[in-house]
Amino acid sequence: MELQGWRIAGASAVGTSHAKTGVPCQDAFKCALIHSEREGEIALLIACDGAGTAKFSDVGADLACREFASNLELFLCDGHRIEALTAAKVREWLDNVVAALNARATADGEQLRDYACTLLAAILSPTHSAFVQVGDGAMVVRETHEEWCYVFWPQHGEYINTTCFITEPASLDKFEFALEARPIHEVAAFTDGIESLVLQYATNTVHSRWFNQMLPPVRALDQPGVDEALSQKLVTYLSSAAVCARTDDDKTLLLASRIKTL
Amino acid sequence: MTTDLEQVPFNATEFIENPENRCPCVLVLDTSGSMQGRPIAELNEGLAQFKSELLTDEMAAKRVEVAVVGFGPVQVLAPFATPDVFVPPTLNASGDTPMGAALTQAVQMVDVRKQEYKQFGIAYYRPWIFLITDGAPTDAWQSAAATLQDGVRQKRFQFFAVGVQGANMEILKQIAPPERPPLMLKGLQFRELFSWLSNSLSAKSRSQVGNEEAVPVENPVSPTGWATV
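Chains as they are written, first to last, in the working numbering: chain A, 1 to 262; chain B, 1 to 229.
Because the hints were derived from the structure by calculation, they are not lab data.
Computed from a predicted model, the values in this text were never measured in an experiment.
Each hint should be verified, as a subset may be incorrect.
What the hints assert, rightly or not - Across the chosen pairs, the derived CB separations fall in these ranges:
{"#": "1", "chain 1": "A", "residue 1": "Ala229", "chain 2": "B", "residue 2": "Asp111", "range": "10 to 20 Å"}
{"#": "2", "chain 1": "A", "residue 1": "Trp153", "chain 2": "B", "residue 2": "Gln115", "range": "37 to 47 Å"}
{"#": "3", "chain 1": "B", "residue 1": "Thr138", "chain 2": "A", "residue 2": "Asp173", "range": "44 to 54 Å"}
{"#": "4", "chain 1": "B", "residue 1": "Val76", "chain 2": "A", "residue 2": "Ala220", "range": "53 to 63 Å"}
{"#": "5", "chain 1": "B", "residue 1": "Asp111", "chain 2": "A", "residue 2": "Asn204", "range": "15 to 25 Å"}
{"#": "6", "chain 1": "A", "residue 1": "Asn212", "chain 2": "B", "residue 2": "Asn199", "range": "31 to 41 Å"}
{"#": "7", "chain 1": "A", "residue 1": "Asn204", "chain 2": "B", "residue 2": "Arg180", "range": "31 to 41 Å"}
{"#": "8", "chain 1": "A", "residue 1": "Asn212", "chain 2": "B", "residue 2": "Gln75", "range": "45 to 55 Å"}
{"#": "9", "chain 1": "B", "residue 1": "Gly166", "chain 2": "A", "residue 2": "Trp153", "range": "49 to 59 Å"}
In this text, a Cβ means the ideal position worked out from N, Cα and C, and glycines have one as well.
The following block holds chain B by itself, in its conformation from the complex:
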């Protein structure tokens, strides 16, 4: 039998000190062997810059929560934290590409986090799950993709997939929901990507929308943007 004490994580203080609304985002990052060299270095720099950009926005600094799941192998590299306490992990590239398991992990983390918000009476925005990969899954990704698309349809979270050069875009297209197909990163423009992500999350963390949804985000697929379709 589990007691209430066991179910309640000891994180009440973070919500008491900061009762602001939360805007959670899980970064699901490919840390498999193929990312070795410049790609993983650029991704690390992008991640550090992401934190500092979020910190420049007073509201985002209190409201956005970032978590990081790495895959190759699947591990939670950073639990949910607001930018002031978020420590960007140093990513090391090794191993294969268990993308399916990583996505399943991200979906679970989002569900658990929502329960925690509810428990502490914290209001929240729809979570984002943001996948970046340069490869193809080496595990059984089909059931993870189905769960993911189900969650998107039920508005439990939003999902974004970004392929880096070498990514299997055909499989990414099957993983991503049809209404938001994967984007291809231009070169290694991780910094531009994270700038965009920081701006989008900042805008989201103060938005008000109706049932029709849609927080306007700048289109990353433009001549000056970081992505191509």
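Next up, chain A with everything else stripped away, as it sits in the complex:
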């Protein structure tokens, strides 16, 4: 396997049910390559799914992405390494995200719960990989030539339409965090809108073939970094009839690879 710099594509697309009722896309995401003096390139993927039942969850999801990213940037600016990340530190970041949402809610004269959203984050350094999750959706990583595995199974309650949001104190207590002392070369993150396309609930497995087909265009990108043109194609794909026949919810898909040839 030959490696290269991180290539990333990411997109959100409004669900057909939202388009019908004029509700905006309530998913938000942020992809970035951050240069760390001590570690080199660090890829960051964040996706937030705003609650359908919350009035301003589109605003909440966007703000949560940006706030989480800036917490990581500050951490790296202070000279910390990804391997020094702990659950306690991540909890601090999540509390900061909630504080930012709270401040926004207060400024708007609204309730915190009106900004409810989930949060998925993958932080990938050349030597370490960290993952954070509150709620549903999932992150998956390539484990072998053929096989993809999930990092955390989506957090649903007994019922498939119930999940956890960062705005609920009890949900925040159940956040998932994993730090692995190994590099990950390919990763994808997605919100619950496409869960049923790419996860098999019956067997708790990932639809590996689907991801195997999605990654080659990312690997083939000329330049490292987040590619706008390919991201735009991803929007088109996520809005296509083939995808919309299977889900009418908002959907976000982030793809990142540092594999040149498998």
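Got chain A sorted already, so can you dock chain B onto it with the hints?
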């Protein structure tokens, strides 16, 4: 001793052919003698229309599952089925009103269905139990009501009660959980009721909510709605 084979119902194919999430709803329908004539005819038409409306929604057609329990006497008139295979039974009005036993039957069906979903790895939504009656129970309904309210509190299912003209609303109020009191159908607006139910189930079958719950449903108690309090 029972074997696994005996416990597994032979319905694996429906879940293999359609692994979509399921949104189950049991209709508990009063088919006692007092429903005879126009009420039972309108209810039958409403039920047929319910199926066709669910079918117009691509997602609901794969996800909503309808079962029907009739009472007078208690019988399962239709087992759980998605709208494409659901056959609306033709209801005949006769007999007394064993509402308590019918509700107990509905609660059991919901529990069994959940076990089947789990067994086949099918994700599901909180079931709905939907009662329509024009009378008063003729059996011992108190313990059924207690079980029902327990289930609602434990979020095992949601319960809706609708009284048709002539229904004993006082008893329905004791059966229904206090946070969702029974509604009174305006006239014989069964079609409007089933339209609302189809819309609500369609919305539910694609919803995502937090622990706070509450899938927004259109308020049926409005000047244009089908119900009064």
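Handout entry: Hint check for arginine 180(B) and asparagine 204(A) - Cβ pair distance inside 31 to 41 Å
Key = holds (35 Å)
Handout entry: Verdict for valine 76(B), alanine 220(A) (Cβ pair) under range 53 to 63 Å
Key = holds (57 Å)
Handout entry: Supplied distance hint 10 to 20 Å, evaluated on CB atoms of alanine 229(A) and aspartate 111(B)
Key = This hint is violated: roughly 53 Å between Cβ atoms.
Handout entry: Whether the CB-CB distance between asparagine 212(A) and glutamine 75(B) falls inside 45 to 55 Å
Key = holds (51 Å)
Handout entry: Status of the given 44 to 54 Å range, CB of aspartate 173(A) versus CB of threonine 138(B)
Key = holds (50 Å)
Exercise for the section: With respect to the beta-carbon atoms only, verify the hint that asparagine 212(A) and asparagine 199(B) lie 31 to 41 Å apart. Expected result: holds (40 Å)
Handout entry: Range hint 37 to 47 Å (beta carbons of tryptophan 153(A) and glutamine 115(B)) holds or violated
Key = violated (21 Å)
Practice task
Using the Cβ atoms, figure out if aspartate 111(B) sits within 15 to 25 Å of asparagine 204(A).
Solution key: holds (23 Å)
Practice task
Starting from the hint 49 to 59 Å, judge whether the C-beta atoms of glycine 166(B) and tryptophan 153(A) obey it.
Solution key: holds (50 Å)
In summary, the numbered hints that this structure violates are 1, 2.
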